[in-house]
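K.L.:
Residues per chain are reported as follows:
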Amino acid sequence: MKNSKKVTYSIILAAIILAFLFFLEANKANYGMAYTVLTKGAILAVVAVSMNLVTGFTGLFSLGQAGFMAIGAYITAIFLIPTDTIQDVYYISGVSPAIINFKGFLDSTPGWIQALAPYIALIVGGLAAALLAALIGIPVLRLKSDYLAIATLGFSEIVRAIISSPQLDTITNGSYGLKKIQGFSSIIQTFVIAGVCITLMVLLIRSTYGRAFKAIREDETAAEAMGINLFKHKELSFVIGSFFSGVSGGMLAMFMRSIDTKTFSVSLTYDILLIVVIGGIGSVTGSVISALLVTVSKEWWLRFFDNPLYIGNFQVPFFRTGFRMVVFSIILLVVVLFYQRGIMGKNEFSWDKIGNNFTRFKGFIAKKASKGGSDHAK
Amino acid sequence: MTLSTLFQHILTGISLGGAYALIAIGYTMVYGILRLINFAHGDIFMMAGYFMIFSMASLPWQIAIPIVCIVTIILGVVIERVAYKPLRTAPRMSIMISAIAVSYLLQNLATYLFTALPRAYPEIPFLKKIFHIGTVSASLVTFITPVLTVLLVIALMFLINHTKVGIAIRAVSKDFETAQLMGIRINKVISIVFAIGSFLAAIGSILYFTDRMSVTPFSGTLPGLKCFVAAVLGGIGSIPGAVVGGFVIGISETLLVALGYSTFSDAFTFALLIVILLFRPTGLFGEKNIDKV
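As given, the protein sequences belong to chains A and B, one line each in that order.
Convert by adding 28 to the 1-based position in the first sequence; the result is the number in my numbering.
Convert by adding 5 to the 1-based position in the second sequence; the result is the number in my numbering.
No lab work stands behind these hints, which were simulated from the structure alone.
It is possible that some hints are incorrect.
Between beta-carbon pairs, the in silico distance windows are [to be verified]:
id, chain 1, residue 1, chain 2, residue 2, range
1, A, 41, B, 175, 58 to 68 angstroms
2, B, 91, A, 375, 54 to 64 angstroms
3, B, 63, A, 375, 48 to 58 angstroms
Simulated pairs of lysine to aspartate or glutamate, DMTMM-like, Cα-Cα distance not exceeding 20 angstroms [what the hints assert, rightly or not]:
id, chain 1, residue 1, chain 2, residue 2
4, B, 90, A, 174
5, A, 290, A, 197
6, A, 34, A, 380
7, B, 179, A, 197
8, A, 290, B, 271
Only a predicted model underlies this, so the values are computations on that prediction, with no experimental measurement involved.
The C-beta atom is built at its ideal place from N, Cα and C for all residues, glycine as well.
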């Protein structure tokens with residue numbers, strides 16, 4: 029397929045998605061469920077791709093996503109709680125003077141900076157997560173596969189414990205969490221931020237650094253022998269992955285409008301891992317498709333599993349609260365056991381492949397038709 | 006803190022540590038043989054808690070406890086057969102993800118079957134009897150736990166070191182393929198290891214939950230992770246190491262809570278893990294492992 033044709037197709041696809049989002053934005057009231065679910069899906073797509081960058085492309089099995097998301101979320105939340113309601117949010121233990129001063133400083137900045145506040149908040153949240161990742165990466169990345177997994181998991185629990193500790197009550201509001209966070213202005217904003225984040229990660233994966241990551245994933249010793257600085261590249265992948273986890277944590281805070289430490293427990297990391305595995309470990313498009321698909325089915329299409337279902341007078345057994353999650357975990361287990369490639373395996377979406385499939389399909393139809401014709405001639 | 010309160014806390018810590026030690030053995034044995042962090046082990050422990058609630062509802066404890074042990078063993082072995090056996094030759098990450106998926110399934114299944122609300126754990130009357138020694142008072146379970154733990158570990162060490170099954174287990178954990186060539190039936194040995202691990206988790210769950218009084222679908226996650234840390238602390242693959250690790254973590258956690266740092270007690274465990282992994286990755290009793298190309 030020619031490059032110009034591919035560009036045209038991509039533009040058409042982007043235009044269709046954008047038109048669909050504008051349609052959703054205009055008819056928010058009628059399509060509330062789709063609106064919420066797609067927003068959440070886009071946010072989870074960012075963190076899924078970031079986990080894929082670390083786990084799927086660099087081969088570092090890291091389970092610390094929830095911790096980095098928590099850091100991003102809390103920093104974004106402190107940025108975005110309106111100054112006049114901040115006392116209500118911290119009504120239990122009072123606000124730390126540092127936050128008051130900071131909010132005062134933020135309010136004194138020119139209007140255009142305040143308009144950009146959500147973006148600045150997300151970036152600062154991401155940077156904080158990245159900084160912490162850089163610090164803990166120095167010792168932790170020396171560990172091998174499963175030890176790394178448990179150490180990062182432990183780290184994310186430490187972050188959670190520190191955030192909810194009473195000593196930080198005036199900053200993080202302890203176990204009560206933060207509320208009244210300013211949300212997204214529209215679904216388009218969410219998708220644009222998510223799109224930019226994912227594009228940046230794709231560019232990284234396609235660069236020489238990305239090729240080095242893949243070499244490390246395939247064989248560390250061989251990669252080292254080829255002159256790849258193992259630690260430098262692992263650290264880079266880990267830090268950048270954590271940056272985007274932090275950003276998506278901030279986006280989650282803006283989406284949920286109120287956060288507490290329970291949101292960022294180990295099970296959040298497991299949910300993201302589930303998305304990555306179903307999408308295909310090592311495929312960005314797989315992660316994106318699976319993030320949207322998993323969120324939409326979990327929160328919307330499979331909801332009926334949770335309610336009693338009657339066919340005539342007969343009540344279908346098993347259908348009650350919680351059944352949805354059981355079905356979901358069974359699907360995950362089946363994917364892990366029998367279909368380890370996931371939706372996309374290590375492949376990416378490309379127009380060439382679709383084109384090839386289409387030509388093959390056309391050829392198949394033509395063959396059928398000609399066969400039918402020859403039968404008729406007899 | 007006076008001497009008697011300190012003694013009281015240490016006693017509680019030893020009791021908690023005993024339960025941790027029993028769970029940690031399950032982790033350490035499975036890791037020794039399959040090189041797998043069995044993320045589902047904490048949830049097997051949680052399920053054993055629920056089994057106890059339901060069997061105690063209609064049976065006296067003398068019958069209920071053996072039933073709970075048997076059902077838990079079946080659960081553990083079935084999990085191994087269904088979720089881990091098909092992935093023997095798969096990369097290590099796949100089998101670990103499978104373990105996480107099983108843990109996810111067990112938690113959701115427990116939420117579905119028993120709801121997320123805490124369920125009261127049945128009391129075994131004689132375990133709850135209060136003893137007084139001077140100013141220190143504790144229930145019988147506090148004294149029984151460490152004694153039972155030590156007895157079970159001695160029995161287990163005898164099994165590992167002096168029986169044919171034990172030789173097979175040691176052979177498989179030393180070298181999977183060679184053991185297979187020597188005519189050891191690997192799958193049988195692995196099932197036995199899971200059975201032992203689940204049995205100890207069931208006993209540990211009875212001792213642990215008798216002190217805690219309630220079970221929720223998520224009450225296995227944190228103890229599970231902590232016991233894995235205990236196993237790493239003692240040196241993964243080493244049974245006495247796991248026991249020592251369990252006691253160290255149990256006592257230090259109780260003391261931290263007593264000093265008023267209860268929110269940091271979990272964080273402390275994981276900080277300990279990271280420090281051990283950095284300075285002594287093989288733990289206190291672990292063997293040195295050198296990666297060869």
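K.L.:
Does each hint hold? Answer for all of them.
P.N.:
Now the hints, each set against the structure:
1. Range check, residue 41 of chain A to residue 175 of chain B: about 59 angstroms between beta-carbon atoms, so the 58 to 68 angstroms window is met.
2. Here the CB-CB span from residue 91 of chain B to residue 375 of chain A is close to 24 angstroms, at odds with the stated 54 to 64 angstroms.
3. Here the CB-CB span from residue 63 of chain B to residue 375 of chain A is close to 55 angstroms, well matched to the stated 48 to 58 angstroms.
4. A C-alpha spacing of about 19 angstroms is found between residue 90 of chain B and residue 174 of chain A, which places the hinted pair at or below 20 angstroms, so the restraint holds.
5. For the proposed pair residue 290 of chain A and residue 197 of chain A, the alpha carbon gap of about 15 angstroms is at most 20 angstroms, so the pair holds.
6. Our distance criterion of 20 angstroms between C-alpha atoms is met by residue 34 of chain A and residue 380 of chain A, whose separation comes to about 8 angstroms.
7. Our distance criterion of 20 angstroms between C-alpha atoms is broken by residue 179 of chain B and residue 197 of chain A, whose separation comes to about 50 angstroms.
8. At most 20 angstroms may separate the alpha-carbon atoms for a hinted pair to count; residue 290 of chain A and residue 271 of chain B meet this at roughly 14 angstroms.
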